[in-house]
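Novice: For chain A, the structure is supplied; the task is to place chain B on it using the hints.
In order, the protein sequences belong to chains A and B. Residue numbers for the first sequence follow the numbering used here, so the first one is 1 and each next one is one higher. Residue numbers for the second sequence follow the numbering used here, so the first one is 1 and each next one is one higher.
If a hint is listed, it holds; no wrong ones were tucked in.
Which chain B residues face chain A? A few, computed with CB under 10 Å, are given here:
1. Ile18
2. Glu20
3. Arg24
4. Ser114
5. Ala115
These aren't lab readings, by the way, just hints derived from the structure by calculation. All residues carry an ideal CB built from backbone N, CA and C; glycine is no exception.
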Amino acid sequence: MKHLIHTLNKAFDHRVRLGVMAVLMANESVSFNDLKEALDLTDGNLASHVAALEKAEYVLVSKQFVGKKPNTTYTATAAGKVAFQQHLATLEKLLRG
Amino acid sequence: MKPANPDPLAQLTEIRAIMERSSRFLSLSGLSGVGAGVVALLGTAFSMRFLESAFQDESVVGGYARLLHSSAEARQRELPGLLFLTGGMIALAVLVAFYFTRRRTHDGGQKLWSAPGRRLAVALAVPLVAGGLFCLRLYLGADVAMVMPGLLVFYGLALLNASKYTLDEIRWLGVTQIGLGLVCMLLPEYGLLFFALGFGLGHIGYGLVMYNRYERPGAAAKPVVSS
Chain A
1 MKHLIHTLNK AFDHRVRLGV MAVLMANESV SFNDLKEALD LTDGNLASHV AALEKAEYVL
61 VSKQFVGKKP NTTYTATAAG KVAFQQHLAT LEKLLRG
Chain B
1 MKPANPDPLA QLTEIRAIME RSSRFLSLSG LSGVGAGVVA LLGTAFSMRF LESAFQDESV
61 VGGYARLLHS SAEARQRELP GLLFLTGGMI ALAVLVAFYF TRRRTHDGGQ KLWSAPGRRL
121 AVALAVPLVA GGLFCLRLYL GADVAMVMPG LLVFYGLALL NASKYTLDEI RWLGVTQIGL
181 GLVCMLLPEY GLLFFALGFG LGHIGYGLVM YNRYERPGAA AKPVVSS
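Bound conformation, chain B alone:
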């Protein structure tokens, strides 16, 4: 029988650690964010090229602006290509994120598919799937211009929701995406730029912050969780 540690400070620290570990997934790697951001930037470049050739417009945001004003038939024609690009980006980003976070769970001890990990996945997935379907319907309907703001806002809401189960920085990443999405509603022609800002630079920025705080050799190491 191992009695409780007689030192009250040690007991309190351990209790706090157990409460956090059992309710939050704290092994999320900042490098996952950086990787996903790089994928998004590459994806933006590919999408630009794709739209340039689809609509024969060589100016920087021209292809995207043409897409916004194109006919329903033209949008249907480009849908498989765009879905392929988006699907590819999501798959790559998830793969990269999975790789770095898995690497961290191996060092850090918290299992990837633990109860908090599962809860985090569900909290992200529900708003994301709903948002994806919602935006697909916008794209096919008359409101293509609102697809990009929709993606950003839904993604931000998903992060905000998931932040209950992981590091606090995720909440601020979510708020950033929502903000960008709302501004993008006012400047729909620059949608791709907002995409690069939110999904690209946003991920990279917060990823670096998280990496510096918790993972860099010699970092403070303990995730701070507000209660």
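Extracted from the complex, chain A is given alone in its bound form:
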């Protein structure tokens, strides 16, 4: 029998990615800076993990300009929300043993 722990989504196998998804579940859309602040991270660290989530199509990135400043916002995709909820459900199942 395949152990439950192997069914945990690999895309969420990191604290930062879990954190990013958690923030995007609780908030409609979040700017890069707010995300960085909420998770207390550096630019490079956050960017690489968000890129991984974007590649998995769990996070949608949209870039606009406010005046001359680039403003990047992130939203969880429907697939991302479902995957994250499944991840949470698996964690809960693991807890119940």
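Specialist: Same frame as chain A, but now just chain B:
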């Protein structure tokens, strides 16, 4: 690379904490409420004295009742004084609230001007500004008696709206203000008393509850947020 914590309970707890911290401003200090309440009580006393001398009525709610029945000219005459009193109270209350909450953000880690803090400020400000202008128009028009209920109801609605972005107690403080405002519609002559009850005792009461729950040394510390 720091992998996710293998303990599922730790992961779930952390996820929940992040979701709450990123969507709600949880560092609101209960002492802010107590401070604002004390300011409101002092303000009530000053307003009583002010109306007593403006309308030469020494009885407890007399000055206020006279204001309700005064002519449009008399109300215009007293407007600068009343605006000064109200403005002073708001400025002092905001200052006190800001001081205690800032002190808490320093200990608690959540920044005052973070995304949830900004959202909370906007959620409060929109109904408050609209309500303020609405009540100013009531005061200048024929319906002075409805100014106090209006202030209480709009303030309550602002709190109810803002409670999405902060501690749950704020919702109940809002409902209390709305209730007081509605009862005040039936007893307009006692407006100042309702002001003292809502803005004064209401703030102090809920402020103490919040302080006891989250800030008192040895308190349970974790704000409970219903989802």
